[in-house]
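Undergrad: Position chain B relative to chain A; hints supplied.
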Amino acid sequence: MQFGIFSVSDVTTDPTTGHTPDDTERVRNMLTIAQHADEAGLDVFATGEHHNPPFVASSPTTLLAYLAGTTKNIVLSTATTLITTNDPVRLAEEYAMLQVVSNGRMDLMMGRGNTGPVYPWFGQDIRQGIPLAIENYALLRRLWTEDVVDWQGKFRTPLQGFTSTPRPLDGVPPFVWHGSIRSPEIAEQAAYYGDGFLHNNIFWPMSHTKQMVQFYRQRFEHYGHGRADQAIVGLGGQVFLRKNSQDAWNEFRPYYDVAPVYGHGPSMEDFTRETPLTVGSPQQVIDRYGAFADEVGYYQRQMFLIDHAGLPLKTVLEQIDLLAGEVVPELRRIAEAKRPSDDVPLNPPTHAERVAAARAAGTAGAAHVGLTEDLFTGTQAEDAEPAPKPRVGRSFGL
Amino acid sequence: MTSERTLVVISAGLSQPSSTRLLADRLTGAAARELQALGHTVSVEVIELRDHAHAVVDAMLTGFPTGELARVMDTLAKADGVIAVTPLFTTTYSGLFKSFVDIVDKDSLGGMPVLLGATGGTPRHSLALDYSVRPLFAYLHADVLATSVFAATDDWAGDGDRVNPLSARIDRAGRELAQRVSARENPGPADPFAGTPSFTDMLGGA
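Chains as they are written, first to last, in this note's numbering: chain A, 1 to 398; chain B, 1 to 206.
Note that these hints are calculated values from the structure, not bench results.
In this text, all values refer to a predicted model and were calculated from it rather than measured experimentally.
For glycine and all other residues, C-beta sits at the position ideal for the given N, C-alpha and C.
One should not assume that every hint holds.
In silico DSS-like pairs for lysine-lysine, Cα to Cα no more than 27 angstroms straight-line [as the list claims (entries may be wrong)]: (1) B:K106 <-> A:K210; (2) B:K78 <-> B:K106; (3) A:K210 <-> A:K338; (4) B:K78 <-> A:K210; (5) A:K72 <-> A:K314; (6) B:K98 <-> B:K78.
Simulated coverage check for chain A against chain B, where a stretch passes if three residues somewhere in it have a Cβ under 8 angstroms from a Cβ of chain B [claimed, not checked]: (7) 124-138; (8) 188-198; (9) 205-213; (10) 256-266; (11) 269-275.
Label pairs and their calculated CB-CB ranges [unchecked claim]: (12) A:N52 <-> B:P135: 30 to 38 angstroms; (13) B:D51 <-> A:N52: 35 to 43 angstroms; (14) B:G195 <-> A:D342: 34 to 42 angstroms; (15) A:A291 <-> B:P197: 30 to 38 angstroms; (16) A:P117 <-> B:A37: 53 to 61 angstroms.
The following block holds chain A by itself, in its conformation from the complex:
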């Protein structure tokens, strides 16, 4: 099982000091957090994507590409990439580039986005969220798996003779997760493609999460990708840790009470009882999170929201140390013991595993697919003839 951290890049005042980081400080803190997580031995770092204050992560691939250069082992991912309001052509290009510069040490999670105005800012209608997610992702997959694409759809202008570059690393696209909280249609989409499904899990009762994951598993099996228990599942989580439970409680309470999303609402006592938010000692986190596999079946990735609600950088780094040092080794042991059989994947697939599987199935693109004729530079859009199909066979070594 992989254990990782994620940030949604919120710029929040520290209620105990009154300090509000500016955007630059917040970005630099995110980089420090990710690098520290890599050094501490955590498996994954993911960033959200937002296009308005109080957030700074509008460019996930830029952030993650930098981290690819400054980290050694940690898998770089998103929570989430907006599949609705981004142009799928740009997604195909940006994430393939990230895949290459990170040498495959990445994956990504699709989400629809929870901020209404982002849709009209990017020319879309929030009421079309699900159809957008479906059409855009279908195009994204084609751009990664087909060298030349002719395409027409509802939400974007048509494509004629388009090749997304760079081609995916080793001819195999990145592994994709789909994130959903409430919409069964997204779980259905993940199941259809045999992609991973990650439920946010935080800010919700486990009873809801469990139903959605079970639905995804059933549909995964229905679409013939394997048994329900072999589906690739992830969960979100949120914890605040100190060696001593009461210290954690006292320290986090002022942050909890005014936090975005749940501040000024239910008490921390009620909220930690009803949702996966756990404030306490490492053992309490181990006990609680170790039991999640009993609810949703063995799963492959557990992510923790680590820097929310205005926590200062020093505190977040200490949380990472506690998580990596005191929680993850034991939690991994407990969770992995719940894997029902050896043919249930222990972890999400690595790039190397996906390449091996694709080659065995004959679905990998060639190792370095590149079209060597430039048919477009210097021409005008009005140059009417559609581009002749490049001799793709040559690229495949035929």
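TA: Here is chain B on its own, set in the frame of chain A:
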């Protein structure tokens, strides 16, 4: 068609005793009597919003109801018929009533027979039932009864409307609700997963 019918009664009254609850009880009594006359056994669940006031606000802030309030929502979705009564504050439904309606699952009251009631000091704002309260339930696709009942303070003393007294209005509303509830084949709460289109359908339509 089974003969058991469950009425769920929502009262947003804040005082103990409250005239809002009194009206709700009178409406329930009238509907239950008519249902029994039609051959049904009747069970009644009363929800006093005051008891859930803090939980309602928490659910508004977090996006999900928990504990007792979650059970209330479940009970409401399974009802055969609903009676909802609110005091009028500042010309319209009370804030607590509206907050509760705002957190009800939007799909749970589709086709639900709903009898609306309201109370106030004078009849001055009685039309709030038609221009404020009714639209809330129309939006939720509930089957809102043609008759809604307003009780002003004077109505309780019998000094109110002498031509069309409160008791007659209560009986009329009770009869309408009973007829609707009796005739209804309650499909039960919708399964959020059962209605999910298969992916090939979704892909075709995109």
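Undergrad: Look at each hint and say if it fits the structure.
TA: Each hint, compared with the structure:
Between the alpha carbons of B:K106 and A:K210 the distance comes to roughly 22 angstroms, so the proposed pair stays at or under 27 angstroms and holds. For a cut-off of 27 angstroms, the pair hint linking B:K78 to B:K106 stands: about 14 angstroms separates their Cα positions. Pair hint A:K210 plus A:K338 holds up; C-alpha atoms about 16 angstroms apart against a cutoff of 27 angstroms. At most 27 angstroms may separate the alpha-carbon atoms for a hinted pair to count; B:K78 and A:K210 meet this at roughly 22 angstroms.
Taking the CA atoms of A:K72 and A:K314, the gap is near 22 angstroms; set against the 27 angstroms cutoff, the hint holds. Distance restraint check for B:K98 and B:K78: the Cα-Cα separation of roughly 21 angstroms lies within the 27 angstroms cut-off, and the hinted pair is therefore satisfied. Coverage of the stretch 124-138 of chain A by chain B holds [criterion: at least 3 residues with CB-CB distance below 8 angstroms; count 5]. Chain B is given as covering the stretch 188-198 of chain A, and this holds because 4 residues of the stretch bring a CB closer than 8 angstroms to a CB of that chain, at least three being needed.
For the stretch 205-213 of chain A, the stated coverage by chain B holds: 3 residues have a C-beta nearer than 8 angstroms to a C-beta of that chain, and at least 3 were required. Coverage of the stretch 256-266 of chain A by chain B holds in this model, with 5 residues showing a Cβ closer than 8 angstroms to a Cβ of that chain against a need of three. Figure legend: the stretch 269-275 of chain A, annotated as covered by chain B; annotation consistent (3 residues with Cβ-Cβ distances under 8 angstroms, at least 3 required). Take A:N52 and B:P135: their Cβ atoms lie about 32 angstroms apart, and the range 30 to 38 angstroms holds.
Between B:D51 and A:N52 the C-beta distance comes to about 39 angstroms, which sits within the given range of 35 to 43 angstroms. The hint said 34 to 42 angstroms for the Cβ distance between B:G195 and A:D342, and at roughly 37 angstroms that hint holds. About 34 angstroms separates the C-beta atoms of A:A291 and B:P197, a value consistent with the hinted range of 30 to 38 angstroms. Take A:P117 and B:A37: their Cβ atoms lie about 55 angstroms apart, and the range 53 to 61 angstroms holds.
In this structure, every one of the numbered hints holds.
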